[in-house]
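**Q** Sequence:
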Amino acid sequence: MEESVKKLLDAEKKANEIVERAMSDKQNKMVEAKMEAEKEISRYKDEQEAEFEIEKEEQHRKINDLSHLDEEVAEEIKIIKEEYETNKKEVIKFLLDSIKNVPLQPPRGLKGDFEGLEI
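When we follow this note's numbering, the leftmost residue of the sequence shown carries the number 68, and every step to the right adds one.
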């Protein structure tokens with residue numbers, strides 16, 4: 068009977084060794100999986116940050132382009148206002164003179180003078 072107890076103890080010892088090895092393998096695989104996941108997360112984070120930086124630069128470029136356009140439009144408006152102020156009196160005088168100085172002669176066609184008129 069002693070021998071069968073010894074066999075049982077040996078079998079239990081081997082079973083415990085197998086269980087310990089399995090637990091150790093499981094722990095190693097968990098550590099390895101965690102490291103792999105951290106690498107993947109880091110790679111994804113780097114990709115996303117690079118895309119974000121590219122988009123951010125594009126937005127800054129668009130904002131700068133718009134500010135340059137605003138400056139150009141403001142300059143053109145300033146020039147138009149200056150031209151308006153410069154020519155305002157002359158245009159008003161021209162319009163008033165045109166209204167006041169209407170020729171009082173009847174048109175040539177009304178007189179029957181059709182020579183030289185293009186039809």
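No lab work stands behind these hints: they were computed from the structure.
Each hint should be verified, as a subset may be incorrect.
[Unchecked claim] Calculated lysine-lysine pairs in the BS3-like style (CA-CA distance at most 27 Å, straight line): (1) K96 <-> K74; (2) K167 <-> K156; (3) K112 <-> K101; (4) K106 <-> K96; (5) K145 <-> K155; (6) K106 <-> K123; (7) K96 <-> K81.
Every value quoted in this text rests on a predicted model; they were computed, and no experiment measured them.
**Q** All hints, please: hold or fail.
**A** How the hints compare with the structure:
Taking the CA atoms of K96 and K74, the gap is about 32 Å. The hint is violated against a cut of 27 Å. For the given pair, K167 sits about 16 Å from K156 by alpha-carbon distance, which is consistent with the 27 Å threshold. The suggested pairing of K112 with K101 holds, with an alpha-carbon distance near 16 Å, which does not exceed 27 Å. As the CA atoms of K106 and K96 are separated by approximately 15 Å, the hinted pair is consistent with the 27 Å bound.
Taking the CA atoms of K145 and K155, the gap is about 15 Å. The hint holds against a cut of 27 Å. Distance check on the hinted pair: K106 and K123 sit about 25 Å apart at the alpha-carbon level, within 27 Å; holds. Using a Cα cut-off of 27 Å, the hinted pair K96 and K81 holds, with the two alpha carbons roughly 22 Å apart.
The structure fails to meet hint 1 from the earlier list, while all remaining hints are met.
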